[in-house]
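Colleague: One-letter residues, chain by chain:
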Amino acid sequence: MTKPMKIRSLTGRAAAPMPNGLSARQYPLGLSLLLIAPLFLLLGFGFIYPVGRLLGQSFFAPELGLDNYRRLLETSLYLRVLIRTITVAFVVMSASLAIGYPVALAMARLRRDLSSLVMACVLLPLWTSALVRSYAWIVILQRRGLVNDVLSGLGLISEPLKLLYTEGAVILAMTHVLVPFMILPIYGALRAIPPDLVQAARNLGADRVNVFIRILLPLSLPGVFAGCLMTFILALGFYVTPALVGGPSSLLMATLIGQQTTETLDWGFAGALSTVLLLVTLLIVILFRKVLSHSRGISNVA
Amino acid sequence: MKGEAVTLEQIDKNFAKTAVVRNVSIAVQAGEFLSLLGPSGSGKTTLLMMIAGFETPNRGRISVGARDITFEAPNKRDVGMVFQKYALFPHMTVAQNIAFPLRMRRFGKAEISDRVDAMLATVQLEGFADRLPLQLSGGQQQRVALARALVAEPPVLLMDEPLSALDKKLRETLQIEIKRIQKNLAVTVVYVTHDQEEALTMSDRIAVMADGELMQIGAPTDLYHRPTNAFVAGFIGKMNFLDGEYLGQDGGEAVIRLTETATLKCPVSTVPAAAGQRLTIAIRPEDVAVRQCDGFSPQCVRGRIEAALFVGAAYVILVAIEGHSGKVLEARFAATGGSQPFVPGDTVDVIFEPHALKLFASQQRQAA
Amino acid sequence: MSPDLDFALAARQANNEEDNLSSRRRLSVRACLSSAAAGFVLFAILLFLVLPILIIFPMSFGSASYLEFPPRGLTLNWYQHYLSDPEWRAATLFSVKIAIATTFSATVIGTLAAIAFARGRFPGKSLFQALTLSPMIIPHIVIAVAVFIAFSPLNLSGNFLGFLIAHTMLAVPYVVLTVVAALQRFDTTLELAAMNCGAGRIRAFFSVVLPNIRVGVASGAVFAFLASFDEATVAFFLSGVEGKTITRKMFEDIDFNLTPVIAAVSVVLTVTSLIVMGALHLFNRDRTSAHR
Chain Z
59 MTKPMKIRSL TGRAAAPMPN GLSARQYPLG LSLLLIAPLF LLLGFGFIYP VGRLLGQSFF
119 APELGLDNYR RLLETSLYLR VLIRTITVAF VVMSASLAIG YPVALAMARL RRDLSSLVMA
179 CVLLPLWTSA LVRSYAWIVI LQRRGLVNDV LSGLGLISEP LKLLYTEGAV ILAMTHVLVP
239 FMILPIYGAL RAIPPDLVQA ARNLGADRVN VFIRILLPLS LPGVFAGCLM TFILALGFYV
299 TPALVGGPSS LLMATLIGQQ TTETLDWGFA GALSTVLLLV TLLIVILFRK VLSHSRGISN
359 VA
Chain F
56 MKGEAVTLEQ IDKNFAKTAV VRNVSIAVQA GEFLSLLGPS GSGKTTLLMM IAGFETPNRG
116 RISVGARDIT FEAPNKRDVG MVFQKYALFP HMTVAQNIAF PLRMRRFGKA EISDRVDAML
176 ATVQLEGFAD RLPLQLSGGQ QQRVALARAL VAEPPVLLMD EPLSALDKKL RETLQIEIKR
236 IQKNLAVTVV YVTHDQEEAL TMSDRIAVMA DGELMQIGAP TDLYHRPTNA FVAGFIGKMN
296 FLDGEYLGQD GGEAVIRLTE TATLKCPVST VPAAAGQRLT IAIRPEDVAV RQCDGFSPQC
356 VRGRIEAALF VGAAYVILVA IEGHSGKVLE ARFAATGGSQ PFVPGDTVDV IFEPHALKLF
416 ASQQRQAA
Chain S
78 MSPDLDFALA ARQANNEEDN LSSRRRLSVR ACLSSAAAGF VLFAILLFLV LPILIIFPMS
138 FGSASYLEFP PRGLTLNWYQ HYLSDPEWRA ATLFSVKIAI ATTFSATVIG TLAAIAFARG
198 RFPGKSLFQA LTLSPMIIPH IVIAVAVFIA FSPLNLSGNF LGFLIAHTML AVPYVVLTVV
258 AALQRFDTTL ELAAMNCGAG RIRAFFSVVL PNIRVGVASG AVFAFLASFD EATVAFFLSG
318 VEGKTITRKM FEDIDFNLTP VIAAVSVVLT VTSLIVMGAL HLFNRDRTSA HR
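Sequence order for the protein chains is Z, F and S.
Under our numbering, the first residue of the first sequence is numbered 59, with each subsequent residue one higher.
Under our numbering, the first residue of the second sequence is numbered 56, with each subsequent residue one higher.
Under our numbering, the first residue of the third sequence is numbered 78, with each subsequent residue one higher.
None of these hints come from the bench; they were simulated from the model.
Virtual Cβ for every residue (Gly too), placed ideally from N, Cα, C.
Some clues are possibly wrong.
To be verified - Not the full set, but computed from the structure, chain Z residues with beta-carbon under 10 Å of chain F:
| hint | residue |
| --- | --- |
| 1 | S81 |
| 2 | P96 |
| 3 | K220 |
Unchecked claim - Within a straight-line C-alpha distance of at most 25 Å, the following computed SDA-like cross-link-like pairs (lysine to any residue) qualify:
| hint | chain 1 | residue 1 | chain 2 | residue 2 |
| --- | --- | --- | --- | --- |
| 4 | Z | K348 | S | R280 |
| 5 | F | K293 | F | Q230 |
| 6 | F | K131 | S | F205 |
| 7 | F | K72 | Z | P86 |
| 8 | F | K164 | S | I279 |
| 9 | F | K72 | F | A60 |
| 10 | F | K293 | F | L313 |
| 11 | F | K131 | S | R280 |
| 12 | S | K202 | Z | Q84 |
| 13 | F | K382 | F | E300 |
| 14 | S | K202 | Z | G102 |
| 15 | S | K202 | Z | G110 |
| 16 | F | K223 | F | R170 |
| 17 | F | K140 | Z | R83 |
| 18 | F | K131 | F | P94 |
| 19 | F | K57 | F | P94 |
| 20 | F | K72 | S | F199 |
| 21 | Z | K220 | S | L335 |
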């Protein structure tokens, strides 16, 4: 699970003019390559080779051709799963934005002690394993769980509702898991707005609502985009929460890929599904970057 | 410790495709205080960086004493350096900072502590040994940087605008102190600055740089009184520039036309142009004499007072020269009691003494 | 500015202030209501964020053998059970071993690479930077399945080395990012100063660069630890019967054997994360306050 930190596009920084000849501020080529070599070996063996092999397998297993993709496109079940995955990711992103923005705003604008309290409430879930949080939602949503207990205790229902293993449960739990990744970039963008800008706007006659709509909101948009991108792509490929909280009726791509790998052992098809998921993810990233092209890099991940 | 000579021979340096230093040769004598003076982008800091070994020249040779250090690693050069923002190690105390060059040279514990104490005394920072750099004022950090650069007794000390971050008063105090320490230790100093007053006060010689080229090198008084080009004339001290035309000789004197109606005479030897060519006439504000209008003489031009200012020790008046396309000349004379003798709007005579004029070929670059 | 204009402006400002005051008084009831509403919404969201995690704590002490909330009796049984079960113990030990080894290797590899990224120049640098960060972007399920399929035939699934490679690959981007950020804040002139004082590249790095980017390296190390210790997706696929991480064991038990032991394990995982992050926070605060 991703942990809190900033991704700044490493390449985004304007390069200082560098000399033709040697400059001591810059490491020589040989040393640079030596420093990068361990990472290169690691990524080559631990990342490029496995992922490349998986994607390649979709064209070769069981035999050479596009059979796996044909099957994916011709079976309505798989297409439904793909569309559901994208829909769920979109809903999770929207829900995260809806509940994340107010929290980010509160963190950025409240008094220091209050804002640290809000910050703690955001960091606590962030630092808790996604597995633990999914488990918590099982406890809350199961037949004899907290929600059903409370509802029947109040006499609102006569028998327990089926809450767990539904699409709603998946969306709820995933939103809970991913919302910190929405909050932190927005908070970062809001914090970067100089306070005198708000004072200036007030001084020029804007009320609180206008200050928000005309100053804070537009200036926090890069954070919003970054948060949306992050929650969307994480939601697309999320495995743990849907696998635990979801059921057969709410099958998502990640769970499907997992099934094909461990249960049906159809690695070629798993590869094809992975390729499609990867392509969708990349498409989303490119789309967001297009929208965000004036801002710097991939910006913030939490 | 004894200073050693630093020799730069035909240095070229390009960043990407731009030449930032072009064919510069300077011989710094042992124990000399030499300033590299120039506007930003003139290549002076790059030159210093090449002596320190942080940049390598594309052409040329750098030596300290008899050692060729052109391609020597920076840590093997034995050349002390004070950086613009001091570059003190923030995680080390003052004493640790000063001890660092000695530790790198594997000195014994006892000797390190002796030398650090001596150095702290030299820069008058006894009692600050255990402070962290961030707990010091700018001036104190400056002294620590100086101590660190000198503690290993390098024959050459490089300073890169070391006083630019300090306020004027402190700067003047430290200028004197740096000079004192330099004289005591007889170390060779190459000092980069863009502040001409600082360069004039501190240096034995000044090398003026512009656009990567060495414009002139010489003692402060030389540069001030005998600039060899319009750039140096304008960069060191204040200077008025006027356009003129060299008409030719008349009775052993050169005749220069300033306006339609006014000509000036000056010694032929000072004219750098052939008859009929345009040239630049330079004169310092304090050499411009102005008096109430009383007629016409050959060395005199009519002008109108634009502004008359009192600047403390002196009066400054701005005079528009008649018939010279709105050219305004600055004149400056000592304010010895009384009141400003001129009022804006007065018509006056401006007198150019022949010995005060400096003439340069017209196309030469001038300092802004 | 003319004195007349000054006066006119001052008068207008005074008027404005009066207007503001009266309108503030008029609006005060509405303002109170709206800020109360905003406060309520915020409070509800924060409850949503925190409550699911806090619920686990009382559950892990509940005496019933099924999940019940609120618990009727308190007991430490589930912790005892967790600690005495050899499977849980083996899984925990395995996870801790992997996490510590991953922290070490990811920190070293990531820091070296970060230096090259921040300070070096080599062909294909920007491409390589993108590649380094891609494990954060690419769906973990794809990575997990890919690693599982690739490592199984090499006998790297279900064992320490396989996990070390996979987790280091997942953790390294965090280290690279934090260290690159720290290096960009680091004033390279300090390194030049160290070299001028007679230090070679390597000594300059250890005596001047590293102490000044310590906070970035430490943050990277902590993120790397958690990226490994809390990691569940790759662990789910890469675990074997022998080599099983605590997250994989928990995954299985949630699916097949939902007892309060899992609540106890959840508390252990959460508290571990909090302690590690808390330690980092203290470390960073010490470093920054030492500079004041």
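Colleague: Confirm or reject each hint.
Modeller: Now the hints, each set against the structure:
The interface hint given for S81/Z is met, as the beta carbon of that residue sits about 5 Å from the closest beta carbon of chain F, less than 10 Å. Annotation: P96/Z was flagged as interfacial toward chain F, and the flag is violated, the nearest CB pair being 26 Å apart, outside 10 Å. For K220/Z, the shortest C-beta to C-beta distance to chain F is roughly 60 Å, which exceeds 10 Å, and the interface hint is violated. In summary, the hint linking K348/Z to R280/S is not supported, as the alpha carbons are separated by about 44 Å, beyond the 25 Å threshold.
Simply put, K293/F and Q230/F have alpha-carbon atoms about 22 Å apart, close enough for the 25 Å limit, and the pair holds. As the CA atoms of K131/F and F205/S are separated by approximately 34 Å, the hinted pair breaks the 25 Å bound. Our distance criterion of 25 Å between C-alpha atoms is met by K72/F and P86/Z, whose separation comes to about 19 Å. Annotation: proposed proximity of K164/F to I279/S holds, straight-line Cα distance about 22 Å (limit 25 Å).
With a C-alpha separation of about 31 Å, the suggested pairing of K72/F with A60/F is violated against the 25 Å cut-off. This hinted pair checks out: K293/F and L313/F have alpha carbons roughly 20 Å apart, not beyond 25 Å. Proximity of K131/F to R280/S is assessed by CA-CA distance (about 13 Å); at most 25 Å being required, the pair is judged to hold. Our distance criterion of 25 Å between C-alpha atoms is met by K202/S and Q84/Z, whose separation comes to about 14 Å.
Between K382/F and E300/F the CA atoms are separated by roughly 16 Å; this keeps the pair inside 25 Å, and the hint holds. About 15 Å separates the Cα atoms of K202/S and G102/Z, which keeps this hinted pair within 25 Å; it holds. Between K202/S and G110/Z the CA atoms are separated by roughly 21 Å; this keeps the pair inside 25 Å, and the hint holds. Restraint check for K223/F and R170/F: not satisfied, since their Cα atoms lie roughly 31 Å apart, outside the 25 Å limit.
At most 25 Å may separate the alpha-carbon atoms for a hinted pair to count; K140/F and R83/Z meet this at roughly 16 Å. At roughly 31 Å between alpha-carbon atoms, K131/F and P94/F are farther apart than 25 Å, so this suggested pair is violated. Distance restraint check for K57/F and P94/F: the Cα-Cα separation of roughly 31 Å exceeds the 25 Å cut-off, and the hinted pair is therefore not satisfied. Only pairs whose Cα atoms come within 25 Å are accepted, and K72/F paired with F199/S is accepted, the gap being roughly 19 Å.
Among the hinted pairs, K220/Z with L335/S is consistent with the structure: their alpha-carbon atoms are about 17 Å apart, no more than 25 Å.
Checked against the numbered hints given earlier, the structure breaks hints 2, 3, 4, 6, 9, 16, 18 and 19 and satisfies all the rest.
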